[in-house]
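Novice: Residues per chain, in single letters:
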Amino acid sequence: MGRPKLGVFKFASCDGCQLSLLDAEDHLLAVADAVEIRHFPEASSRMEPGPYDIALVEGSVTTPHDAERIQQIRRDSNYLITIGACATAGGIQALRNGADTDEFMRAVYASPEYIQVLDNSTPIAEHVKVDFELRGCPINQYQLIEVIQSLLAGRNPRTPKHSVCLDCKRRGTVCVTVAQGIACLGPVTQSGCNAICPSYHRGCYGCYGPASQPNLVSLSTHAINAGASPAEVSHSLQSFNVYAPAFRNESQRLADQTREQN
Amino acid sequence: MGNRTIKVETMSRVEGEGGLYIRLSGDAVDEVRLEIYEPPRLFEALLRGRPLEDTPDITARICGICPVAYQMSSVHALEAALDITVSPEIRRLRRLLYCGEWIESHGLHMHLLHAPDFLGFDSGLEMAKQFPDEVNRGLRLKKHGNQLVELLGGRAIHPINVCVGGFYRLPKRKEFQKLIPDFEWGLGAAVAATRWVAGFDYPDFETDCEFISLSHPDEYPMNEGVMKTSSGDLIDVCRYEEEFEERQVPHSTALHAIRKSTGHPYLLGPLSRVNLNREKLSPTARKLADEVGLEPLCSNPHRAIIARGLEIVHAYEEALMILRDDQPQGKSREEYQYQAGEGMSATEAPRGTLFHRYVVDEAGKIVEACIIPPTSQNQAQIEADLKQWISHVISDDEQDTARKCENLVRAYDPCISCSTHFLKVKIERC
Numbered sequence: 001m002g003r004p005k006l007g008v009f010k011f012a013s014c015d016g017c018q019l020s021l022l023d024a025e026d027h028l029l030a031v032a033d034a035v036e037i038r039h040f041p042e043a044s045s046r047m048e049p050g051p052y053d054i055a056l057v058e059g060s061v062t063t064p065h066d067a068e069r070i071q072q073i074r075r076d077s078n079y080l081i082t083i084g085a086c087a088t089a090g091g092i093q094a095l096r097n098g099a100d101t102d103e104f105m106r107a108v109y110a111s112p113e114y115i116q117v118l119d120n121s122t123p124i125a126e127h128v129k130v131d132f133e134l135r136g137c138p139i140n141q142y143q144l145i146e147v148i149q150s151l152l153a154g155r156n157p158r159t160p161k162h163s164v165c166l167d168c169k170r171r172g173t174v175c176v177t178v179a180q181g182i183a184c185l186g187p188v189t190q191s192g193c194n195a196i197c198p199s200y201h202r203g204c205y206g207c208y209g210p211a212s213q214p215n216l217v218s219l220s221t222h223a224i225n226a227g228a229s230p231a232e233v234s235h236s237l238q239s240f241n242v243y244a245p246a247f248r249n250e251s252q253r254l255a256d257q258t259r260e261q262n
Numbered sequence: 263m264g265n266r267t268i269k270v271e272t273m274s275r276v277e278g279e280g281g282l283y284i285r286l287s288g289d290a291v292d293e294v295r296l297e298i299y300e301p302p303r304l305f306e307a308l309l310r311g312r313p314l315e316d317t318p319d320i321t322a323r324i325c326g327i328c329p330v331a332y333q334m335s336s337v338h339a340l341e342a343a344l345d346i347t348v349s350p351e352i353r354r355l356r357r358l359l360y361c362g363e364w365i366e367s368h369g370l371h372m373h374l375l376h377a378p379d380f381l382g383f384d385s386g387l388e389m390a391k392q393f394p395d396e397v398n399r400g401l402r403l404k405k406h407g408n409q410l411v412e413l414l415g416g417r418a419i420h421p422i423n424v425c426v427g428g429f430y431r432l433p434k435r436k437e438f439q440k441l442i443p444d445f446e447w448g449l450g451a452a453v454a455a456t457r458w459v460a461g462f463d464y465p466d467f468e469t470d471c472e473f474i475s476l477s478h479p480d481e482y483p484m485n486e487g488v489m490k491t492s493s494g495d496l497i498d499v500c501r502y503e504e505e506f507e508e509r510q511v512p513h514s515t516a517l518h519a520i521r522k523s524t525g526h527p528y529l530l531g532p533l534s535r536v537n538l539n540r541e542k543l544s545p546t547a548r549k550l551a552d553e554v555g556l557e558p559l560c561s562n563p564h565r566a567i568i569a570r571g572l573e574i575v576h577a578y579e580e581a582l583m584i585l586r587d588d589q590p591q592g593k594s595r596e597e598y599q600y601q602a603g604e605g606m607s608a609t610e611a612p613r614g615t616l617f618h619r620y621v622v623d624e625a626g627k628i629v630e631a632c633i634i635p636p637t638s639q640n641q642a643q644i645e646a647d648l649k650q651w652i653s654h655v656i657s658d659d660e661q662d663t664a665r666k667c668e669n670l671v672r673a674y675d676p677c678i679s680c681s682t683h684f685l686k687v688k689i690e691r692c
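In order, the protein sequence lines correspond to chains A and B.
If you count the first sequence from 1, position 15 lands on 15 in this note's numbering, and the numbers rise without skipping.
If you count the second sequence from 1, position 365 lands on 627 in this note's numbering, and the numbers rise without skipping.
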């Protein structure tokens, strides 16, 4: 059997997650030797049609054209991996979901009629079957290399699902919430970044989306008891993973609560 | 010969996605369009109503290649709205952070995206088989840039340490010390890389565009300055929106920019910066510019790769000076009170001047946001240059013509994700 054929595809996104592959400077040439890069426009002018053994998909679906394009990529690909918060949860652009997208378009473009967009920014898994999701905004390049290498070795990729809190304990970072009263999404956010923010004296802001079995209500209650308003807590969940169900539901619950109070 | 179109559906080795469409009647060019079909993400709209502190984290997500630029323009603009003056220490560290991004972004473009065009390869990865030393050197430079952004920003893509007023935490002196040996090697390597690219064969081609970049009396432009033009004007950043206009065109999700007073497009980026600020380059970069024979006002866009090399050399030299001499101390950020107001700022992203303007309210919320990225400002100039370039490269071999058009576009290092709003080459002869 020849080298596995790799395709890298972009939807609505900032390019940062596929850049993570080019940023893996020490591993890049080795990975490029182990696979046959068939489609990776950011890196290569050679673009070959499918089928692909491995497809890496970055970005969310936001246009009617992209909703069709992902179907073809799925048909062409054996193992489809979504990379990053846009692809796995709709990304920061999902802030428009539930808002008035037409009004958003009018705010940015003088002639919005030239441009076709869908009302919602949605994760790839809402459109096609996804074989593996790699979270993060941006993804962790070492996790990406682990995923590619494990596929090449024929085993399942291992990426931890525990919360950022555990990583702070491992690093020996003093808890910013307990010691300094700084609001932090670490208890409910999935590991992957190596708990950077608390080590820089700021609270986690949720780049990797909900950890497994997150207790959102408990975290919001704690934050509200510590003096935050429900609106502020709701806002903190409305960022790069706003459309991930656990974050979406809790921010909605808090927003409803704020409305009732007013 | 009849009419025909040449079309590149998906341009490669550019950041983000778009295409190029060219319509010819005979050998005359009817129309050139850079088609930006990158889906719009509507950042200006989704910032409204959010706490102003979210802005550097959210605008970073406009572009994974130059997040630092978005963070810099946004914090400077918000600081202007809140009347915050940052300390000289914070100012110095912000320049150091920007040096990291320039090294990373220019290193990537020179070695993996642009150099393969001159040497006849489809990609940097393929080029590595024949030019392993050069590609590995490029990857090391890029890695140093990333390491510097990581040190100050917490991580290379979407850094987490930048905030309105300064940084969440100052770096430690010993973290600086660790980078010095690599940066000493890197300065020499960057000089060698610039000499290497300066030796490429350049097509004979000149554009008559207006070059524009920030300019500062004491330093090579990064975080502040006035807009300087090759026609001799100086424009205060506060007058940005009076002087330049973004227009929407049907074939692009990016907005096209022109200079209102001339009605003509203009060019931002490394070639403009070097053309207008050559005497402010670091001593090694300035000497190297003379040695490799870069013209005093270089009008050949293909030679922008040399300007990128010189800016990498400059960034290493300036970074080394700060890493060696600076002892980060004092407060990591300025405190501030909310007040209603408006603030604007332009800083030099790797691809050119990036303008931000924000209106904030007395509760610290964003009321209005306006972001003008460098690639959407360059798009109209790129199309104008392509029109000229086609007459140099037109042949019956449409693939070859399309490839040469794509080469020119790549020379500008367009960032389509940024412009949101950008590349396919398609040539049409009806």
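Since the hints were made in silico from the structure, they are not lab data.
Predicted, not measured: the structure shown is a model, and the values here were computed from it.
Worth double-checking, as some hints may not be accurate.
[To be verified] Below, simulated DSSO-like cross-link-like pairs (lysine-lysine); rule was C-alpha separation at most 30 Å, straight line: (1) Lys169(A) / Lys405(B); (2) Lys5(A) / Lys169(A); (3) Lys169(A) / Lys440(B).
Novice: Hint by hint, say whether it matches the structure.
Specialist: Outcome of the hint check:
1. Lys169(A) / Lys405(B): Distance of about 29 Å is within 30 Å: holds.
2. Lys5(A) / Lys169(A): violated (40 Å)
3. Lys169(A) / Lys440(B): Holds: Lys169(A) and Lys440(B) sit about 26 Å apart, inside 30 Å.
When each numbered hint is compared with the structure, a violation occurs for hint 2 only.
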